[in-house]
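Those sequence lines, one after another, are chains V and X.
Counting along the first sequence from 1, when you hit position 49 you're at 49 in the UniProt record's numbering, and nothing is skipped either side.
Counting along the second sequence from 1, when you hit position 329 you're at 329 in the UniProt record's numbering, and nothing is skipped either side.
These are computed hints drawn from the structure, not numbers from a lab.
Please note: incorrect hints may appear among the correct ones.
Restricting the straight-line Cα-Cα distance to at most 16 angstroms, the calculated cross-link-like pairs of lysine to aspartate or glutamate (EDC-like) are [unchecked claim]:
#1 K163/X x E38/V
#2 K31/V x E178/X
#3 K190/X x D2/V
#4 K197/X x E357/X
#5 K107/X x D2/V
Restraint ranges, calculated between C-beta atoms of paired labels, are given here [as the list claims (entries may be wrong)]:
#6 R55/V x T157/X: 35 to 45 angstroms
#7 D2/V x T78/X: 22 to 32 angstroms
#8 P275/X x S50/V: 55 to 65 angstroms
#9 I57/X x D2/V: 20 to 30 angstroms
Think of the CB as a built atom: it goes at the ideal place given N, C-alpha and C, for glycine as much as any other residue.
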Amino acid sequence: MDLIKPDFGLVFWSLITFVILLFVLRKFAWKPILGAVEDREEGIKSALASAENARKEMENLKADNERILQEARSEREALLKEAREIKAKIIADAEEDAQAKASKMIEQAQAAIESEKKAAMAELKNHVAGLSLEIAEKVVREELSNKDKQLQLVESMLGEATLN
Amino acid sequence: MTLNTFKSALFSVLFLTVSFFGYASEDAHSENKEEFNPKEMILHHVKDAYGMHIIDINGHPISIPLPIILYTDSGLTTFMSSEFHHDYNGEVVVEKDGQRFVNVHEKIYRLNDGETTVKYDAEHHPINAERPWDFSITRNVFMMWVSVIVLLFIFLTTAKQYKKSGNYVPKGIASFMEPLIVFVRDEIAKPMIGEHKYKRFMPYLLTVFFFIWINNIFGLIPILNGANLSGNIAFTFSLAFCTFLITTFSGNKHYWKHIFWMPGVPVPMKIFLMPIEIVGMFVKPISLMIRLFANITAGHIIILALMSLIFIFETIAVAPVSIAFSLFIGIIEIVVTAIQAYIFTVLSALYFGMATEEAH
Chain V
1 MDLIKPDFGL VFWSLITFVI LLFVLRKFAW KPILGAVEDR EEGIKSALAS
51 AENARKEMEN LKADNERILQ EARSEREALL KEAREIKAKI IADAEEDAQA
101 KASKMIEQAQ AAIESEKKAA MAELKNHVAG LSLEIAEKVV REELSNKDKQ
151 LQLVESMLGE ATLN
Chain X
1 MTLNTFKSAL FSVLFLTVSF FGYASEDAHS ENKEEFNPKE MILHHVKDAY
51 GMHIIDINGH PISIPLPIIL YTDSGLTTFM SSEFHHDYNG EVVVEKDGQR
101 FVNVHEKIYR LNDGETTVKY DAEHHPINAE RPWDFSITRN VFMMWVSVIV
151 LLFIFLTTAK QYKKSGNYVP KGIASFMEPL IVFVRDEIAK PMIGEHKYKR
201 FMPYLLTVFF FIWINNIFGL IPILNGANLS GNIAFTFSLA FCTFLITTFS
251 GNKHYWKHIF WMPGVPVPMK IFLMPIEIVG MFVKPISLMI RLFANITAGH
301 IIILALMSLI FIFETIAVAP VSIAFSLFIG IIEIVVTAIQ AYIFTVLSAL
351 YFGMATEEAH
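Based on the sequences and whatever the hints tell you, model everything.
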C-alpha cells in the first residue's frame, strides 16, 4: 500500500523543484529558444514572401518590358510608315513641281521663242522691205536709163493686161 | 541510437544482476539462508530510500549518504542517512536532539519518549513510534535535483547557442533540442490548445515533457539503482496537481458552463451531467497521475521480477532467459520513457485546450 500513498516530503520537494525549474527554464531557456525559433520562422516566411514579391515584380517588369517593346515596335512601324508616306509625298510633290516648272519653262521658252521669232520676222520683214526697195530702186534706175527696154516692158505689160 | 539503446539495456541488465547477487549473498550470510523474497526486493528497489545505495560488495553495501531532514514538535532535526548504517528494519536507533529515530522499511519513525526499541503490531506496523514531518533529501529528491541540473545545463546551453549564433541558426546541442521543442509546440501545444492560445502554456508543457522524460530515463539507469522518481506516485501527483491547478485557473466561462450547466441538452440531463462533470474535473488529473506512475513502476517491476527468477529457481541456467526477457522489456521501457512523457504532456495540453476553448 505504501507504493500508492504519496509521500509528503517528496510531494513538497517535487512541487518546489518543479516550480523553480519551470520559472528558471521559462525565463532563461524557453523564452530565448522559442523566440529564436519564431524569429527564424518569421524570417523564413518573410524571406519567402519577399522572394514571391520579387518574382511577381520581375514578372510585372517583364510584362512591362514586353509591352514597352511592343509599343516601341509599333511606334517604329508607324514612324516608318509615316516616313515612307512623307517620302512618297515629297517625291510626288517634287515631281509635280518639276513638271510644273518644266512646263512653265517650256511655255516661257516657247513664248520667248515666239516673241523672238516675231521679232526676227519683223526684223526680217523690215530687212526684206529695205532690200526690196533698194533692189527696186536699182532696178528702176537701171531700167529708166534704157528707153527702149522701158517701152518694151510697157508693151509686154499691156499685152498681158489685155490677155487678162 | 539503436546501438545506444542496446548498450544501455545491456548495462541495465548487468548492473541489476551484480546488485542482486550482492543482495542474495547478504541475505544468505546474515539471515541464515532466509528464503529470497522477490516482493520485498522489488518494492525496495521501486520505492524511495534515504540513501543512494550503489552496490553491495561482499555483503558490504556502498552508498552515498543523503541528508535526513525531520520536523518534529521540538523543531528541525537533521542528520545523514549513513547514521542508520544501511539498516531499514528498525534495528539501529539514531539519537538526535534528545529524540530517537528508526528506519522501518525506508520510513523514518520517531520513537515515543522513553522507548528505546521499536515494537510492532501483527501487521508489522510500529506501535510505539510516530512519523515526523519528513523533508529528507531521499534518493528520489537527490535524483530529481541531478535531473534538474542536467536539464538546466542542456537548455541553458541550448539557449546560449542561439544568442551566440545571432542569426538563429541552431548549432551543437541546439540542433538536437530544437526538433524536440518544435515537436512539443507543433504536435502537442498547437493542435491541442489552438493556434492563438498555445503560447501561454508552452513553458509548462516543455518543462513537464522534458522533466518527465529525463527522470524516466534516469529511472532506467541501473547504477542509480532504481531511482524511480517518475514511478513514484508523489512525483506524478505533484505534476498532475500542477496540471489541475493550471486547468482550473485558466478555465473560461464556457468551460465552467460546460461543467455546471451543459449547454444543448434538456434540463434533467443538465442536472444529471453536473456531478459527472464535477467528478471529471478531478478524475482527469488523477488519471494523469496514475498512468505515469503505473507505467513506469510496472516496467521496473517486470524487469526486476524477471531477474528475480534466477534467485527463485536458484539456478544460473535461468539467467539467459531472464536476461533476454529483461533486455526485451528494457528496450520497450526506453520507448516508454518518451511515450509516457509525451502522453502526460499531450493530455495536459488537451485539458488546457478544453479549459480555454471558446463557445462554438
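Now for the hints, and whether the structure bears them out:
1. Note on K163/X and E38/V: the hinted pairing holds, with a Cα-Cα distance of about 14 angstroms set against a maximum of 16 angstroms.
2. Between K31/V and E178/X the CA atoms are separated by roughly 13 angstroms; this keeps the pair inside 16 angstroms, and the hint holds.
3. Taken as a hint, the K190/X and D2/V pair is broken in the structure, with Cα atoms around 39 angstroms apart against an allowance of 16 angstroms.
4. With a CA separation close to 9 angstroms, the supplied pair K197/X and E357/X stays within the 16 angstroms bound.
5. Pair hint K107/X plus D2/V holds up; C-alpha atoms about 10 angstroms apart against a cutoff of 16 angstroms.
6. Judged by the Cβ atoms, the range 35 to 45 angstroms given for R55/V and T157/X holds: they are separated by roughly 40 angstroms.
7. Range check, D2/V to T78/X: Cβ separation about 24 angstroms, and the 22 to 32 angstroms hint holds.
8. The hint said 55 to 65 angstroms for the Cβ distance between P275/X and S50/V, and at roughly 58 angstroms that hint holds.
9. Evaluation of the 20 to 30 angstroms hint for I57/X and D2/V yields a pass: the beta carbon distance comes to about 28 angstroms.
Hint 3 from the earlier list is the only one contradicted by this structure; the remaining hints agree with it.
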